[in-house]
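Protein chains: 2
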Amino acid sequence: MSLGNEYFSEVCEEAGSAFSLKVKQKLHEEQSDFQHIAIYETENFGNLMVIDGFVMLSQRDNFLYHEMMSHVVLFTHPEPKDVLIIGGGDCGTLKEVLKHDSVTSVLQIEIDERVTRLAEEYFPELCTSNNDSRADIRFIDGIQWVKDTVDNSYDIIIIDSTDPIGPAEGLFTEPFYKDCVRVLRDDGVLVQQSESPLLHMRILESMYRDFEGAGFNQVQTAFFPQMVYPSGWWSGTMASAQLPLKQFRQDDVKNKKFKTEYYNLEIHQAALAQPEFFKRLMSK
Amino acid sequence: MSLGNEYFSEVCEEAGSAFSLKVKQKLHEEQSDFQHIAIYETENFGNLMVIDGFVMLSQRDNFLYHEMMSHVVLFTHPEPKDVLIIGGGDCGTLKEVLKHDSVTSVLQIEIDERVTRLAEEYFPELCTSNNDSRADIRFIDGIQWVKDTVDNSYDIIIIDSTDPIGPAEGLFTEPFYKDCVRVLRDDGVLVQQSESPLLHMRILESMYRDFEGAGFNQVQTAFFPQMVYPSGWWSGTMASAQLPLKQFRQDDVKNKKFKTEYYNLEIHQAALAQPEFFKRLMSK
Numbered sequence: 001m002s003l004g005n006e007y008f009s010e011v012c013e014e015a016g017s018a019f020s021l022k023v024k025q026k027l028h029e030e031q032s033d034f035q036h037i038a039i040y041e042t043e044n045f046g047n048l049m050v051i052d053g054f055v056m057l058s059q060r061d062n063f064l065y066h067e068m069m070s071h072v073v074l075f076t077h078p079e080p081k082d083v084l085i086i087g088g089g090d091c092g093t094l095k096e097v098l099k100h101d102s103v104t105s106v107l108q109i110e111i112d113e114r115v116t117r118l119a120e121e122y123f124p125e126l127c128t129s130n131n132d133s134r135a136d137i138r139f140i141d142g143i144q145w146v147k148d149t150v151d152n153s154y155d156i157i158i159i160d161s162t163d164p165i166g167p168a169e170g171l172f173t174e175p176f177y178k179d180c181v182r183v184l185r186d187d188g189v190l191v192q193q194s195e196s197p198l199l200h201m202r203i204l205e206s207m208y209r210d211f212e213g214a215g216f217n218q219v220q221t222a223f224f225p226q227m228v229y230p231s232g233w234w235s236g237t238m239a240s241a242q243l244p245l246k247q248f249r250q251d252d253v254k255n256k257k258f259k260t261e262y263y264n265l266e267i268h269q270a271a272l273a274q275p276e277f278f279k280r281l282m283s284k
Numbered sequence: 001m002s003l004g005n006e007y008f009s010e011v012c013e014e015a016g017s018a019f020s021l022k023v024k025q026k027l028h029e030e031q032s033d034f035q036h037i038a039i040y041e042t043e044n045f046g047n048l049m050v051i052d053g054f055v056m057l058s059q060r061d062n063f064l065y066h067e068m069m070s071h072v073v074l075f076t077h078p079e080p081k082d083v084l085i086i087g088g089g090d091c092g093t094l095k096e097v098l099k100h101d102s103v104t105s106v107l108q109i110e111i112d113e114r115v116t117r118l119a120e121e122y123f124p125e126l127c128t129s130n131n132d133s134r135a136d137i138r139f140i141d142g143i144q145w146v147k148d149t150v151d152n153s154y155d156i157i158i159i160d161s162t163d164p165i166g167p168a169e170g171l172f173t174e175p176f177y178k179d180c181v182r183v184l185r186d187d188g189v190l191v192q193q194s195e196s197p198l199l200h201m202r203i204l205e206s207m208y209r210d211f212e213g214a215g216f217n218q219v220q221t222a223f224f225p226q227m228v229y230p231s232g233w234w235s236g237t238m239a240s241a242q243l244p245l246k247q248f249r250q251d252d253v254k255n256k257k258f259k260t261e262y263y264n265l266e267i268h269q270a271a272l273a274q275p276e277f278f279k280r281l282m283s284k
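Those sequence lines, one after another, are chains A and B. In this text, residue positions in the first sequence follow this note's numbering: the first is 1, and each later residue adds one. In this text, residue positions in the second sequence follow this note's numbering: the first is 1, and each later residue adds one.
Hints listed in this document are in silico derivations from the structure and should not be mistaken for laboratory results. One thing to keep in mind: the hints can contain errors.
[As the list claims (entries may be wrong)] Not close to chain B: a few residues of chain A, all C-beta gaps over 10 angstroms, as computed:
hint : residue
1    : THR42
2    : SER102
3    : ILE143
4    : PHE176
5    : THR260
6    : GLU276
[Unchecked claim] The following label-pair restraints were derived from C-beta to C-beta distances:
hint : chain 1 : residue 1 : chain 2 : residue 2 : range
7    : B       : GLU43     : A       : PHE139    : 32 to 42 angstroms
8    : B       : ASN152    : A       : GLY53     : 49 to 59 angstroms
9    : A       : ARG209    : B       : GLU6      : 27 to 37 angstroms
10   : A       : GLY170    : B       : GLU212    : 53 to 63 angstroms
11   : B       : HIS28     : A       : ASN131    : 52 to 62 angstroms
12   : B       : GLY53     : A       : GLY53     : 53 to 63 angstroms
Treat the numbers as computed from the prediction; the structure is a model and nothing was measured. Built from N, CA and C at the ideal position, the CB exists for glycine as well.
Based on the sequences and whatever the hints tell you, model everything.
Below, the structure written as structure tokens:
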């Protein structure tokens, strides 16, 4: 059978698979200075953002990714104050980060201003905290910015980027991680979206190697479902020079004052569980 | 864009989504007495079985489903001896169940003999335990069979069926569950594949109601990834009249003598964690 034109399809070449959503209409399309961006209205998943043919997020299920890329790392750190987000142009991660009262500043460095402008228009519910006085959103190159930043500036770095091809490629390299180690405080933690455990173990293995090479002695992957990404199973990997990453502020999670859709105490613990094949590969 | 004919696509109507795998060739196709069965050779997922247009399993990722539908429930029971599998025609669940030394008998009741015969041919690695002396595979109607079975016969019932439409519909009803309560021993446990937590909460809610109505006082869902099913996020729900389902034989999991690809001690614990939206809905 072949799927008709009423579907948007993302092909995952390396898996020989595809994921499709039924669309009502294309709401917007442009070639920005950095990439091709399209916005669709889907039948059942609300609005959908697609960059260079790859699904970035849908209104219906982005809560999974955004909660897991923010709350896991923030509750792992003893008292996160200064947060740097690289990428994150849709502002969903920023919104979750700002739910933490301990946070006093968030700098978001997104290379492509158009992603944020389109998020404001088509995903307004993710952008409700963009004017929070603690938030500073700049549209410059994240890799260069980290290179130029002074030592010991951040408690948390969240790398909320596209796949390691195109503009995000440099965000998955040892030299960049070395700069991250330097600008993080001693108990600082980085988290980076780290693709599908089922389809992209080579990327995860090379990330682990590069983290280690850069001086991150603690590395821990968190696993979570994400329907609109290849395989529906995704991950974020935390790295720290010193901070143990299996522990987290359990009491603070239990008593958190904000609402979540997916994340909670048991889910945080659960996300750290390593599948048997993953353990075997990573212990080599 | 439209996907070409080199893909097999399963449309999930209720989600307005589709999942596709690139196929090399169709290996087999038939209309059995019960359903339409097709076997494809895929580009990257080995052989694929499709029933009435719905993906049943691929060689590459069926380990997730089969391990989670067997080891979770078997390690929850204190000493599972007699196991009943309803459905399970591909024999992958049966193979995992037979890895447990405590198990002395497994009766598998699959309505459609053709599913098993095709599994033997195209998924031979799942059928290597079919001749185990403890295994008895019969091709009859599971609902009728449970109705006719004497009380207190089983420690475990595994309902490894297709979706609750077509031949499997009766397996998702309170009258059937009542018979299961009756044929299970006091500390017996049932587990049933319970669809996607993201897409099928209505089915899960109605299962919970029917379990309760049938006399299952303990109910616990286990969550796991399963790429080839809609949303890539799937679940199995355990139910017992008396046995607490959050505890399990942790030491026995730690010391198990057989190899798994996904399941282990931490993964078992993790699978029981309930997402926040799930907790909220189910506590109503």
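Which of the listed hints are not met by the structure? 1, 5, 6, 12
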